[in-house]
Amino acid sequence: MAVTLLPATEQLSLLRRRAITPLELAEEHIAQIRRS
Amino acid sequence: MDFDAERVRTQAARVRLDLNSGPLAGLPVTVKSSISVAGYRCEIGSVLHRGNIPEKNAVVVERLLAAGAVVLGTTNCPEFLMAYETENLLYGSTRNPWNVEYTAGGSSGGEAAAISAGMSAAGLGSDSGGSVREPAHFTGICALKPTAGRFPAAGHLPPCLGPFSFLGSIGPMARTVGDLELLFETLSGQDDTDPNSAPVAHRAVSLEEARRVPIGWFEDDGVVPVTAETLAAVKQAARALERQGFTVKRFRPESLEAARKLWWVFFVQCGAMLYEPTIRGHEDELSPTFRDFLAIARAEVPLTGASLADFVLEAWVESDKVRGRLLEEMREFPILLCPVCSTPAFRPFERSWTVEGKTVAYLDAMRYTQWFNLLGGPAAVVPVSQSSEGLPIGVQIAGRPFADELVLAVAAAVESEFGYRPPPMAM
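These protein sequences, in sequence, are chains U and S.
The letter at position 11 of the first sequence is residue 11 when you use the working numbering, and the numbering goes up by one with no holes.
The letter at position 193 of the second sequence is residue 193 when you use the working numbering, and the numbering goes up by one with no holes.
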């Protein structure tokens, strides 16, 4: 599943584990906003 | 959505993830455009507020930012928040990510659509008659209308004053109950800027503790029917709770209809009265949905002077009596499980439906959320099933005032057997 569709708690877990940076996560959401 | 990619990038680049990070550090969120976010449009869907950009954040937005969240922008809502669909003359209609022929609901419809479609991880809406719960039900996400006062309302437009201080609440919206719990814990708490905010500390409720609380469930209110699929969803949720060891029995409070009638006085009649000074001389600039609302409100006998004062005072006194009766009735079953609405999402501008052979009018279909605004207690929505058209159907879990954490614990138990699924267009 795309990261933007994960629960907020799982997105926070990815951030804390440094599996994704805040900027990368923001970019994923920006892309999803532009697609929708 | 009022959205500026560069501003989002700047915020995200500033987030530091370390031991001192807030609980929402780096989380992209959205906020309904009736809740002030400095530098973003807060137009409450009205051309009369076109270009309104607050300089100051609402208290809950300050708390979001202090917790490290990245605000993506503000989301669409119907004019003056007075509709169960999201349409206005500024930005048009917000449609449902499950099927764009249908509404995302209202008034927090922009927020619900954004979260359902993965444009935002979570966010804030507001609810004086079902405005976080109906859109959540329509779009297949979760939402909580907290007890009035658990979230400070300062910075909400229109201000949550007078009857709206107990009818209305800012509330979290998200794809899971765990996300609602996180937002609730992070954002709730008293603030002196809101005289109605309550000094009640957050208290986690375990599944074991929640299981000891009897749950009363009902499939309809005996006045306005719900679709067979809606009824089935409530039954499925009741069975799921039973399987998990909850005590679940059929129970429907008798005071619901009295509560709905009083909600109508405060939300519809007093709501229209409160907007009169704003709209006077601007009626030709109003949206079709707000005109609809005014037509409904003005169909009542207009009251002025002493008769108006008597009418409002009488309703105020009566509402305390009815709330007291409801609380007494809920002693045996402090948690209620019931539908959110008579139907799943509807097509924009539809104003009645045939449900189980009966004609159900627009505001009557939404009565299932209105009772709990009059009570002032918490009520959550969790997605459980889908209609034959493929539209989400949620159920509602309501509790006594200040039992927000208990309501969320029961909602989490329901969610463990059902829950959010992404709409096809988001994949």
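I should point out that these hints are in silico values taken from the structure, not numbers from a laboratory.
Glycine included, C-beta positions come from ideal geometry on N, C-alpha and C.
Some clues are possibly wrong.
Quick look at which bits of chain U chain S covers, simulated, 3 or more residues with Cβ under 8 Å [to be verified]:
no. : segment
1   : 8-15
2   : 26-35
Chain S regions said to be covered by chain U (calculated; three or more residues, Cβ under 8 Å) [as the list claims (entries may be wrong)]:
no. : segment
3   : 108-122
4   : 128-135
On the chain S side, residues computed to face chain U include the following (Cβ under 10 Å) [unchecked claim]:
no. : residue
5   : R14
6   : A174
7   : I296
How the hints compare with the structure:
1. Under a criterion of three residues with beta carbons nearer than 8 Å to beta carbons of chain S, the stated coverage of the segment 8-15 of chain U is upheld, 5 such residues being counted.
2. With 6 residues bearing a CB less than 8 Å from a CB of chain S, the segment 26-35 of chain U meets the requirement of three and the coverage assertion stands.
3. As drawn, the segment 108-122 of chain S meets chain U at 7 residues by the rule of a beta-carbon pair under 8 Å; at three or more, the given contact holds.
4. Residues of the segment 128-135 of chain S lying with their CB closer than 8 Å to a CB of chain U number 0, which falls below the three-residue condition for coverage.
5. The restraint placing R14 of chain S at the interface with chain U holds, with a minimum CB-CB distance near 8 Å, inside the 10 Å limit.
6. Annotation: A174 of chain S was flagged as interfacial toward chain U, and the flag holds, the nearest CB pair being 6 Å apart, inside 10 Å.
7. Proximity of I296 of chain S to chain U is violated relative to the hint, the smallest CB-CB distance being about 32 Å (cut-off 10 Å).
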